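Protein sequences appear in the order of chains C and B.
Its first residue numbered 1, the first sequence is counted upward by one per residue in the numbering used here.
Its first residue numbered 1001, the second sequence is counted upward by one per residue in the numbering used here.
Hints were generated in silico from the structure; no laboratory data involved.
Heads up, some of the hints might be wrong.
As the list claims (entries may be wrong) - Derived BS3-like pairs (lysine-lysine); straight-line CA-CA distance at most 30 angstroms: (1) B:1035 x C:285; (2) C:37 x B:1270; (3) B:1153 x C:272; (4) B:1270 x C:329; (5) B:1117 x C:152; (6) B:1035 x C:205; (7) C:284 x B:1117; (8) B:1035 x C:297; (9) B:1136 x B:1182; (10) C:197 x B:1117; (11) C:284 x B:1160; (12) C:272 x B:1270; (13) B:1136 x C:272; (14) C:297 x B:1153; (15) B:1153 x C:284; (16) C:285 x B:1153; (17) C:152 x B:1035; (18) C:37 x C:88; (19) C:284 x C:297; (20) C:272 x B:1262; (21) C:197 x B:1262; (22) C:88 x C:130; (23) B:1270 x C:285; (24) C:129 x C:88.
What the hints assert, rightly or not - Label pairs and their computed distance ranges (CB to CB): (25) B:1033 x C:148: 20 to 26 angstroms; (26) C:133 x B:1040: 44 to 50 angstroms; (27) C:104 x B:1040: 52 to 58 angstroms; (28) C:327 x B:1097: 38 to 44 angstroms; (29) C:288 x B:1274: 31 to 37 angstroms; (30) B:1040 x C:137: 18 to 24 angstroms; (31) C:108 x B:1082: 44 to 50 angstroms.
As the list claims (entries may be wrong) - Chain C side only, calculated, beta carbon under 8 angstroms to chain B, not exhaustive: (32) 188; (33) 196; (34) 215; (35) 216; (36) 219; (37) 220; (38) 222; (39) 260; (40) 263.
A quick note: this is a predicted structure, and the numbers were derived from the prediction, not measured.
Quick reminder that beta carbons are idealized off the backbone N, C-alpha and C, glycines included.
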Amino acid sequence: MGKIMLEVKNLKTKYVTRFHEDVYAVDGVSFRIEEGKSLGVAGESGCGKSTLALSMMGYYFPPLHYISGDIIIDGTNISGMKPDDVRKNILGTEIAYIPQAAMNALNPTQRIIRFVTDVIRAHDPKADKKEIRERAEARFAELGLPRDVLDKHAVELSGGMKQRTVIAVSTILSPKVLIADEPSSALDVTSQKMVIKMMRELMEKGYIKSMLFITHELPLLYNVTDDIMVMYAGQIVEKGTAREMVFDPVHPYSHGLMGSILVPEEGTRGSKLTAIPGTPPNLKKPPQGCRFAERCKFARPECRYQAIPETDFGDGRMYRCLLGVDQLKEEYSHE
Amino acid sequence: MSEMRTRTVKDYSNAPLCLSGRGVTRAFGLGEKRKLAVDHVDFDFHEGEFVSIVGESGSGKTTLSKMLLGLLNLTEGQILFQGKPRDISTGRKQREYWKGIQAIFQDPFSSFNVFHKIDSVLLDCIHMRGGRHLSKEKKIEMMTEACSFVNLKFAELTNKYPFELSGGQMQRLMIARIFLLKPRILLADEPTSMVDACSRATILDMLLDLRNETGMTIIFITHDIGLAYYISDTVYIMEHGRFVESGNAEEVILNPQAEYTKRLISDVPKIHEEWDLSTVDLLRAE
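Just chain C, same shape as in the assembly (with noise of 0.2 angstroms):
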């Protein structure tokens, strides 16, 4: 067992609007990865996803508020930390976030050169313009990007180009937690598994110690991601590693969702996707039992008013259901 780089425990935080009920958008999430590796995040739009990565980061600002929980990166607890210490401290150095559609946030009236020089100087303001130059022409000739990428503007790169040079300046300082919100799904095909591959030398490389990778394509998640969880109304539902939670699903949420993969492989053509139907609650009032209880074909009359237990096999599996692994099964076989 290697490493611990990120500890999540129990982690709640909740949006507070001013004319409305709070939402409680990550309710007690938990979770770790070891060095060297990558966890996926997988589940449908509005499912908290996106609110797990900025809080994660620390760095709250309204209407995202912290209420409980433990970030532990690298053995430095930083929830309680204020905005500016995390901002100075943390932000680049230990934790690098890229979020939603990064690419179309570069100021076009400034050189790639210059975002280069602000990441730098966040930290270090004495820094060497030179030397600048210099550390970020030798990063990027190593992630495969052509130097004169430096000296343009971000108008005169494509796509897919942007994307990946937003990446490289991001982990320009070497973090050791880098946490991708949608980095390719802006992206046609090519583009994308170029992206990947950059993330995958990054790690390999040992620039990023270990990442958190969201998004809702599933079958990209398998082929970058060590280990999957999946999300579901502010709440992991199950995790383990990606062969087993794409071929071997527990909870029926994620079963549903592994059945709506589409592949150009011989035999999805002739299988029925499974659809879930309706719609997710409503998280200002969370359902008091299991939140997937409403869609669930599988759901007892006792699912809706008991606490849900989470099931810990102890090897990093885990699922929240009150059925057991042989019941649920037996209810899939049937299908």
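With chain C fixed as given, assemble chain B onto it according to the hints.
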């Protein structure tokens, strides 16, 4: 849920032609900058056929779909609708043509007029089909039927505005519109790219049901080759404005001939085969 749908590929080559194109071309720009977005393509879409047009961004898929809808003029070539050359020279003829061809677009959030309630969106469809004289009860019955076809409840939607719905619900409402209009051809331009995987399965199933129920031709435009393989009878692979390969979905995707198709398929992450990352060259000029 339990029965497996075994969809064998039907041979559509003898079915009557619905929409076909001969040498369809569209150029943008002039002089040196002149670029052919769609470059002399020929196609035959038959009645009841589920056609997919697959290509990467910039391959001319959307330009072609706009020409099919009559929103963009052709530089060269002609489009035949039900065997006769298409005539949309006047507004009246254009509206007549749109009774036969309708579209679902990529972005559900901008497909609706934000000032119109859902009732009026659906009522417009009934009026367009010549149902203006029907009684109110009959109209509500038709709207309820259309909504239940896409698993929505009309009673919950009435008096609401489109922005109160989620993306998946809006896209389903678009399909309910199509169900009321019953056009001969439905052009779906990436209808699932902005909704997540669960709703995607629902929408695809609804499109298949719609085809089976009304026998319309569906032209599905997508960049996702896995999706095209799952849903379509015939696929057309498009690269730089040309069709590089076309034919039966099983044949094209399981046994691709063109280099471009092979690359597209190898670039999609799979679950039963190893995803070979070594085939991409990071320094390749994009």
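Hints numbered earlier in the text: which of these fail when held up against the supplied structure? 1, 5, 6, 8, 10, 13, 23, 27, 28, 29, 30, 34
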